[in-house]
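Q: Work the whole structure out from these sequences, hints included.
Going down the list, the sequences are from chains D and V.
So the first sequence is numbered by the working numbering: it starts at 1 and just counts up by one.
So the second sequence is numbered by the working numbering: it starts at 116 and just counts up by one.
One or more of the hints may lead you astray.
Unchecked claim - Think about it this way: if two alpha-carbon atoms lie no more than 27 Å apart in a straight line, the pair counts; the simulated BS3-like pairs of lysine-lysine are:
#, chain 1, residue 1, chain 2, residue 2
1, D, 41, D, 9
2, V, 183, D, 38
3, V, 218, D, 41
4, V, 218, D, 40
5, D, 36, V, 164
6, V, 218, D, 36
7, V, 184, D, 36
8, D, 9, D, 19
9, D, 18, D, 38
Claimed, not checked - Estimated spans, in silico, between C-beta atoms of each pair:
#, chain 1, residue 1, chain 2, residue 2, range
10, V, 186, D, 40, 24 to 30 Å
11, V, 228, D, 84, 27 to 33 Å
12, D, 40, V, 197, 22 to 28 Å
13, V, 123, D, 63, 33 to 39 Å
14, V, 118, D, 27, 28 to 34 Å
15, V, 122, D, 96, 42 to 48 Å
16, V, 167, D, 30, 18 to 24 Å
17, D, 61, V, 135, 25 to 31 Å
18, D, 65, V, 223, 27 to 33 Å
19, V, 168, D, 28, 46 to 52 Å
20, D, 41, V, 181, 24 to 30 Å
21, V, 185, D, 38, 32 to 38 Å
Claimed, not checked - Not close to chain V: a few residues of chain D, all C-beta gaps over 12 Å, as computed:
#, residue
22, 12
23, 22
24, 28
25, 48
26, 72
27, 92
28, 107
29, 114
In case anyone wonders, no lab produced these hints; they're calculated from the structure.
Idealized CB from N, CA, C, for every residue including glycine.
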Amino acid sequence: DTEVTQTPKHLVMGMTNKKSLKCEQHMGHRAMYWYKQKAKKPPELMFVYSYEKLSINESVPSRFSPECPNSSLLNLHLHALQPEDSALYLCASSRTITGGTGELFFGEGSRLTVL
Amino acid sequence: AQSVTQLGSHVSVSEGALVLLRCNYSSSVPPYLFWYVQYPNQGLQLLLKYTTGATLVKGINGFEAEFKKSETSFHLTKPSAHMSDAAEYFCAVSKDPNSGNEKLTFGTGTRLTIIP
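A: Here it is in structure tokens:
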């Protein structure tokens, strides 16, 4: 069983909807990540939070808005998405963002379909 | 910039045969290297990692990989394939190992199919 929990597992939304993806970990990790994965492609980094502060934004469009309410939770707010945003969204965590070994713990993902 | 190249987007082996998945890296500094596995409709799971020290690393499910600096390679092997090994395998390199930055760069993946 994964120690990073993502909800919902599946989400279908229209282009005018507002929805959120949620991620939770209880491993005491202080770095959390959002990745986007299109079919048959590797994961692409979107955002990194370190100690609840946004550390990296990989030039992601503003229709994706991350939020880290506390060290265990990570949200991704979605608004006015496009059909090409349909993908598997993966949350991950790691012990720290610096001084670590690069090992990430992934959730099972939220599969998003934008109509 | 660091990168990894996975040779072969699809690999098929017979059950019980040797599994060999190839990964070559490009890095101007000593890299941290990883193999992750992704089963259908699931997230990624770490198989094994190389940071420093012993160049032959053993991972879960009987997999191992050898870091060869002279060949800039980190190939993944398993002596005997099992049906449950069918999955997508990603090689990855840490983007900034000097700072321990956890930004990973993934290869394009290799889909492993096991033939009964």
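Q: Please verify whether residue 218 of chain V and residue 36 of chain D have alpha carbons no more than 27 Å apart.
A: Roughly 14 Å separates the two Cα atoms, so the pair holds.
Q: Given a hinted range of 24 to 30 Å, is it respected by the beta-carbon distance of residue 41 of chain D and residue 181 of chain V?
A: holds (27 Å)
Q: Determine whether the non-interface label on residue 92 of chain D survives the test: each CB of chain V must be over 12 Å from its CB.
A: violated (8 Å)
Q: When you look at the beta carbon of residue 12 of chain D, is every beta carbon of chain V farther off than 12 Å?
A: holds (16 Å)
Q: Assuming the hint says 32 to 38 Å, is it satisfied by the Cβ distance from residue 185 of chain V to residue 38 of chain D or not?
A: holds (35 Å)
Q: With the threshold set at 27 Å, check whether the alpha-carbon distance from residue 218 of chain V to residue 40 of chain D stays at or below it.
A: holds (21 Å)
Q: Given the hint that residue 184 of chain V pairs with residue 36 of chain D, does the C-alpha gap stay at or below 27 Å?
A: Not OK: residue 184 of chain V and residue 36 of chain D at ~31 Å, beyond 27 Å, violated.
Q: So is residue 72 of chain D really clear of chain V, every C-beta pair being over 12 Å apart?
A: For residue 72 of chain D, whose nearest Cβ neighbour in chain V is about 17 Å away, the distance exceeds 12 Å, so it holds.
Q: Assuming the hint says 27 to 33 Å, is it satisfied by the Cβ distance from residue 228 of chain V to residue 84 of chain D or not?
A: holds (29 Å)
Q: Measuring from beta carbon to beta carbon, are residue 186 of chain V and residue 40 of chain D in 24 to 30 Å?
A: Holds: the Cβ-Cβ distance is about 28 Å, inside 24 to 30 Å.
Q: Taking the beta carbons of residue 118 of chain V and residue 27 of chain D, is their distance inside 28 to 34 Å?
A: Hint holds: Cβ distance 29 Å, inside 28 to 34 Å.
Q: State, for the Cβ atoms of residue 168 of chain V and residue 28 of chain D, whether the hinted interval 46 to 52 Å holds or is violated.
A: violated (25 Å)
The structure fails hints 2, 7, 15, 17, 19, 25, 27 and 28 (numbered hints given earlier, in ascending order).
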